[in-house]
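What follows is each chain in one-letter form.
There are 2 protein chains.
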Amino acid sequence: MAATLPDPDRIWTAGLVIIGDEILSGRTHDKNIAQIASWLQVQGIRLSEVRVVPDVEARIVAAVNEMRAAYDYLFTTGGIGPTHDDITVDAVAAALGVAVIVHPQAHAILEAYYADKGGLNEGRLRMARAPEGAELIPNRRSGAPGLKIGNVYVMAGVPSITAGMLDALTGQLEGGKPLISRTLGGFIPESEVAALLREVEKAHANCQIGSYPFFREGKVGANFVIRSTDEGELAQCTDALSAGLSELGYDCTPGGI
Amino acid sequence: MAATLPDPDRIWTAGLVIIGDEILSGRTHDKNIAQIASWLQVQGIRLSEVRVVPDVEARIVAAVNEMRAAYDYLFTTGGIGPTHDDITVDAVAAALGVAVIVHPQAHAILEAYYADKGGLNEGRLRMARAPEGAELIPNRRSGAPGLKIGNVYVMAGVPSITAGMLDALTGQLEGGKPLISRTLGGFIPESEVAALLREVEKAHANCQIGSYPFFREGKVGANFVIRSTDEGELAQCTDALSAGLSELGYDCTPGGI
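From first to last, the protein sequence lines stand for chains A and B. Mapping the first sequence onto my numbering, position 64 (from 1) lands on 45, and the numbers just tick up by one. Mapping the second sequence onto my numbering, position 63 (from 1) lands on 44, and the numbers just tick up by one.
Derived from the structure by calculation, the hints contain no laboratory data. Since the model is a prediction, treat every value here as computed from it, not as a measurement. In this text, a Cβ means the ideal position worked out from N, Cα and C, and glycines have one as well. Among these hints, one or two may not hold up.
Unchecked claim - Chain A is faced by these chain B residues, among others (derived, beta-carbon under 10 Å):
{"no.": "1", "residue": "S223"}
{"no.": "2", "residue": "S227"}
{"no.": "3", "residue": "E228"}
Claimed, not checked - One side of the interface only, derived from the structure: several residues of chain B facing chain A at Cβ under 10 Å:
{"no.": "4", "residue": "S29"}
{"no.": "5", "residue": "D66"}
{"no.": "6", "residue": "E103"}
{"no.": "7", "residue": "F168"}
{"no.": "8", "residue": "S172"}
{"no.": "9", "residue": "S192"}
{"no.": "10", "residue": "F196"}
{"no.": "11", "residue": "E198"}
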């Protein structure tokens, strides 16, 4: 009998739904994409898609249902506070076809947190609501917890609170080999080295090379990011690119500029 | 015979597809969402959805086709440079079912731009490629133009270049009444005033109130953003909220804190 062994090369994926009119209006600059993307990398999980949707239940439901089916994990940020525009719990419950309940543990946490701050009121009680069957994600910062139900992780919108929730989840999610990267950067016009980049990538099957141009100090330049799950192949590919750039007469700085 | 008049209350919408492994890896912090969202507001167009997708043609094609059908305008950023990972032109052409051609005007622009920089090469020629039928969006910064085809606007990924392309498009896109906003902010726990926010919003049908909490100087606070297309109703709603906060004993600062 052949036992089913886990695939060490399996790629684990995640989607992210950012719920927030304030992002779509341009008022607030999003910080959660980069924060969650970086955290997922360390967990060996690749962020495969992000959607930013408005505070409209049907839009949240559609995004949650498409993306929780498409990826191993789905994260949401935003809309779990005490005010009328915080509708994420209702939307996630609707997406999963479960009821919204008052979560006893969340209720107890909030009761303790607000004991010396005027006690619970209608708005604060909203933050004890959860889709039936959800577990809590601790939030040491402000009392109100995040939620996990199935493969859906419901997080805060305020980046510092999200950071605390990610901290609580560190090491809890199964992932694969992390994608590691090295960077070479310089005042190199990418249009001068496009052929080299393509050839070096082609010669190293398990590596991808990304080219990220910039304008700085009145000069064009680029950072070339080499990514792989294999440390050895990553080093070989990086060396080959560095040598190739040198042959073309360009200095590059390991780590990027 | 009744003539068909344009609807002055029509809401014009846009979607945005951000094409970039560098955003999904957490390496680069996106700046284009806020930049494009703010610009669209001034044009009287609402950004209704953003998707961040990887540099994978099938994923770009799917996002472009879903979103160009769902919204009046679709913007893309990223993937129009000279390197092998710049595949946006091919993906947009595939989405629209048209061929990729060398655009004569783009070719001429690039030839002139690179005349004293070593001339055109294979990588630089990639930036003259366009979906058949596309018009150019000027880019005074680096030569390589953006593209407009149907309701799809293909923009650069580097934010300063995107800014130049937006500038070239200012006043060119039909929009509706801009959504205007006022902000009241203070060290006010939103959970203390949730009921007030809901009641004031309910009493002003053409206004929405968003509540955006923060932690600062060790204290909780929030900015309340009131949005409307009508200046008079916006002022009334803002005054009502300000008076309500005052009744509850909270000072608030117009413009937010």
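These are the hints, each one checked on the structure:
Interface restraint check: B:S223 against chain A, minimum CB-CB distance 17 Å, threshold 10 Å, status violated. Hint on B:S227 is violated. Least Cβ distance to chain A is approximately 18 Å, over the 10 Å limit. Hint status for B:E228: violated, given a least beta-carbon distance of 16 Å to chain A, over 10 Å. Annotation: interface hint on B:S29 holds; nearest CB of chain A at approximately 7 Å, less than 10 Å.
For the restraint placing B:D66 at the interface with chain A, the shortest Cβ-Cβ distance is roughly 6 Å, inside the 10 Å limit, so the hint holds. Hint on B:E103 holds. Least Cβ distance to chain A is approximately 6 Å, under the 10 Å limit. Interface hint status for B:F168: violated, as the beta-carbon distance to the closest one in chain A is roughly 13 Å, over 10 Å. With a least beta-carbon distance of about 4 Å to chain A, the hint placing B:S172 at the interface is held under the 10 Å criterion.
Because the closest C-beta pair between B:S192 and chain A is about 4 Å apart, less than 10 Å, the hint holds. With a cut of 10 Å, the hint placing B:F196 at the interface with chain A holds, because the nearest CB-to-CB distance is about 6 Å. Because the beta carbon of B:E198 sits about 13 Å from the nearest beta carbon in chain A, more than 10 Å, this interface hint is broken.
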